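4 protein chains.
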Amino acid sequence: MTVSVAILGASGYAGGELVRLVDAHPSLEATYLGAHSAAGGRLAEVHPQLARGERVLGGIDPPSVPDVDLVLMALPHGASTGPGIAFADRGVRVIDLGSDFRLDTPDRYLEAHGAAHPAPAALTRWMYGLPELFDVTNARLVAAPGCYPTAALLGLIPLVRAGLVDAGRIVVDAMSGLSGAGRSLREDLLFGSIAEGVRAYGVASHRHRPEMEMGIELATGVDATVVFTPHLVPMLRGMLVTTTIPLLRSVSREDLFEVLTEAYEGAPFVDVVDRSPQTRWVVGSNRALVAPFVDEPSGNAIVISAIDNLLKGAAGQAIQAANLMLGLPEAMGLPAAGLMP
Amino acid sequence: MTVSVAILGASGYAGGELVRLVDAHPSLEATYLGAHSAAGGRLAEVHPQLARGERVLGGIDPPSVPDVDLVLMALPHGASTGPGIAFADRGVRVIDLGSDFRLDTPDRYLEAHGAAHPAPAALTRWMYGLPELFDVTNARLVAAPGCYPTAALLGLIPLVRAGLVDAGRIVVDAMSGLSGAGRSLREDLLFGSIAEGVRAYGVASHRHRPEMEMGIELATGVDATVVFTPHLVPMLRGMLVTTTIPLLRSVSREDLFEVLTEAYEGAPFVDVVDRSPQTRWVVGSNRALVAPFVDEPSGNAIVISAIDNLLKGAAGQAIQAANLMLGLPEAMGLPAAGLMP
Amino acid sequence: MTVSVAILGASGYAGGELVRLVDAHPSLEATYLGAHSAAGGRLAEVHPQLARGERVLGGIDPPSVPDVDLVLMALPHGASTGPGIAFADRGVRVIDLGSDFRLDTPDRYLEAHGAAHPAPAALTRWMYGLPELFDVTNARLVAAPGCYPTAALLGLIPLVRAGLVDAGRIVVDAMSGLSGAGRSLREDLLFGSIAEGVRAYGVASHRHRPEMEMGIELATGVDATVVFTPHLVPMLRGMLVTTTIPLLRSVSREDLFEVLTEAYEGAPFVDVVDRSPQTRWVVGSNRALVAPFVDEPSGNAIVISAIDNLLKGAAGQAIQAANLMLGLPEAMGLPAAGLMP
Amino acid sequence: MTVSVAILGASGYAGGELVRLVDAHPSLEATYLGAHSAAGGRLAEVHPQLARGERVLGGIDPPSVPDVDLVLMALPHGASTGPGIAFADRGVRVIDLGSDFRLDTPDRYLEAHGAAHPAPAALTRWMYGLPELFDVTNARLVAAPGCYPTAALLGLIPLVRAGLVDAGRIVVDAMSGLSGAGRSLREDLLFGSIAEGVRAYGVASHRHRPEMEMGIELATGVDATVVFTPHLVPMLRGMLVTTTIPLLRSVSREDLFEVLTEAYEGAPFVDVVDRSPQTRWVVGSNRALVAPFVDEPSGNAIVISAIDNLLKGAAGQAIQAANLMLGLPEAMGLPAAGLMP
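Chains as they are written, first to last, in my numbering: chain W, 1 to 341; chain C, 1 to 341; chain H, 1 to 341; chain R, 1 to 341.
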């Protein structure tokens, strides 16, 4: 069985990784590559690293996309709403890597994006696609989570669910490589602006905060309040999320370790580790590493997670969800090992 | 007037910066350079970037150090205790960039270092040398603060002193360039281990946490509890500290801005800024940038500080203290502008 | 059919890539992992990025290595001679990624290494394993080429063979990422020594110069003289080789392009390209890009080649040779696409 | 005496360094800062690293520039011709860091830029401002050299002048940090395009080749032919130039060393060194390091030079020339030591 796949937004960083993963996947075949401004050009012009660069990019307008078994969309914010609804109506399986369908309610969307959702009724049809924590097996429309929420929620949800930590006072500080900021032509993304420096951005206003709160609430039923500060660090890939959260009772590091280990038993891509994880250990793979600590003087848990923001944080997680939606082995075609150095 | 200076630990990263700054200072002259394992060799062998590389390094043993007006020590932890006491007894002015004399009590030292101070009585003779917050004008023995505490305390102390934030629940997440880890030959400091990656270290156990708590308590009289997680990011220099701290009452970002601005009126090296500061804006200079934010949904202040860890976080701050101790203009010989790109 | 493989030197950078590639290869299985100082420990301690990190490393002594179909050795210079001879005597297929068996004569070895080969008679039994230019199909003992010679020879040999360029006056300047320098604990390989800087090394004395001359002479019968200057640039992976070589007659860039294209027709991993290639386009893949130029005012050809030094320059090329030696498809199990960004 | 200075092009990378150096210079004062698109804004918006960021940028039109003692121009190619002629007519001293007035003849300009000079008569009025090799003491109009020619010519001219090397067969391969490519908003200058990669550019066509040939010819009277291939490496600052050039007679490395040392006796910024120089040893300073080697098997000299492309390669060299033109000490206000790490 070969599943035909259309990849829309193939010219971006996440889109390029989707093409690479689908090209290497034993059961998927990319039969259509679509892009916005790069439409009409060849794949090699935007992704010289990929094989078969002579493939021509089509557009992203749904009518121009042929019938396929699965549509993967990696489009800028706002650009997936229209195509997402169109493909949903067509009855095809869709995984959206963007942020248009991630949030569960119009209010949450408004809080995250500062504007009303253009088609709020559509929100309820999409499943939040973090496969270790939400069952996507029967979903046909999946909104893949943001990279920061992926890393944060993998560490937080099992602890909140176990009643060990206070979800009302979560502090998430996170560091991302530059590929997370996308491929836009912005002065603040030049090598001359980024190398040898670090900065916070979206302070007190990043759209991933409401998504994290939603994830906790959907998975545990516990109200959550998150303070989230993301930082850009001078590297291409990788994401580290450091979460500080008050303990609700006296527990040891071993207790946290056990709860997390149990939560991810059988999960092919999440490893609970007993040393501070490094992003380099996961870059190039679809793995997530999670490590719990206890800060005894202050009574806080500290949980550190590491992922490749373009794989487990984007394209890899989407293929993982696709595998499950299609009844394939969860880990099929996904790299289990990273590249180092 | 020329002040003669001995620099001990001249072969390390902070030591090299001390030599560079003293060489360029109109009123200081490095008359003695001492090092441990590099003793006997020439300066150019350990610091090819410095001028007059033909200078020969002596040892760090106090008897071998000639009479000078000022001793600057940048030695590994534990190595300044002996020389520090010897020079203090000699009556000379000393600034120690290490951690041997920074903490005010034997208990705090034990908490930070996991071992008793070898000469606890000496601790009381040293002044904590963060010049914007502690008056070092009349001090003869100064312990220059750690880099992380410098950046964190500049943002925290004015807010705690003003009664605006809850010092009992401070979360400090920080990112440092590699020069902060020193010049040791360690596998985890190889380019192949560091580039393109980020990691936390010293989680729930870093010695700078007690120092931060001490700084707040000494400056404000308020008990403090800090959760501190430092991270290494792949850059040579620069430090960013992101502090999350509950507000005690409803204040606006402008209120925080005003309190901080007032606290640093006339301070030549601290700028309170209204956008998220980047380390690149300060690297190469002795400046510190501090920016306050309010996270309204959670009722927290977020304060972000940026410094060059080797200048305002080490050698620059030491020269700043020296200027004040010697009755010279506070900013003399210190770079007001950074290098960018 | 599954081919059992022993990987000796599994703890190094090239060794880690061998493990990753063999683990992902449909027809190879790593049944033994050997290391020198890391012997006795687990794979995860030296390669936290790899899957099944619980595997225990054995030693590299031939008697301790079980019977396998293929031995891959990635050992420091000098360390493969003994094991290489032992495995050769055992009759097993061996690919040595080191420099012990690469050179064809004792004289060339002496020139390259400044010391006589310890077992010169063994040299003749090994095949130089650059599969696009030397047929390894029937070889049982293969010495995989150095990374610099791989990149340089792919560009040079077809042009020399066609009589277009003067092999007696070749200038090769090359730039390598740090992984090429290996994982040794050296002060000059610290992040603090490497980041934000570039340097030449081995000037007028690098051992890869004689290997380049040998490659040209074996493949074309033309005597060659190469001036070779390698440089370290601050990146983990990737190698760019810029070759300047006098034209013997007036040819156009299109002529060079045609000769090279014809030479690599059907080669799955070499692409002749018409724009200046970037290392980023090949990192993560086994591809080599080669681009010819003509500098008309001086009458020189300029040929630029890009490879991933750990893949086409080391582990990938070894697996490519193994595929051919074993009668498998040349590209089996090798990544055709790179990772970018 | 304070010399009033106008800096035009203050918003670029070289312009920012001019502001920094003039601000720190004991005898110069920046009384006017001009920029093109940033005109009307404050200095801090384009150079947050500089002191007194509240200064407002004016335009670059000569009529809007007040009377000053010295004009420094760091404008894009083509943009200095008009202002340069206008200021020359005004009789003011001018140093142009751009490429409009560097070449000595209209033919050379045409060769370098592929277009005729818009005002060829003006070319003869400008002096080529490489102070160690051309006397600028009495010049009023100086064209500061390009960064690549600066580094290459410092190594080449003394050897050609001494008749030791064949100027007709020079191969220059060079590596530059990204700041050399300027601050333009180009996709190929994004961090995501540059980090972890290296590339050649301007192959067989870079405009600095004719400038190098001119420098040799003007200084030595010997016709020169240069093959020049520049490369971008992933670092902010620093430039390394590796030159390979046939020896005309049998000389030792010591001979080359002696010729170069003698040539730069008394030069405050050029050091002839006996080991392979690293860019990190000069970044942050106005120094140039030059190291000669002999490749005996091929009969070539290899000369390696390292500079900070923004200092000795641009702004620092301009201030050095200004000092000489103004009768000030050559090294005044220029950093003798670099920053490391």
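In short, the hints are calculated from the structure, not lab data. Model, not experiment: these values are computed from the prediction. By construction, the Cβ of each residue, glycine as well, lies at the ideal position given by its N, Cα and C atoms. Please note: incorrect hints may appear among the correct ones.
[Unchecked claim] Just so you have them, the derived chain W footprint on chain H, three or more residues with Cβ under 8 Å:
1) 44 to 51
2) 276 to 289
3) 328 to 340
Which numbered hints fail: When the structure is compared with the hints, none of them turns out to be violated.
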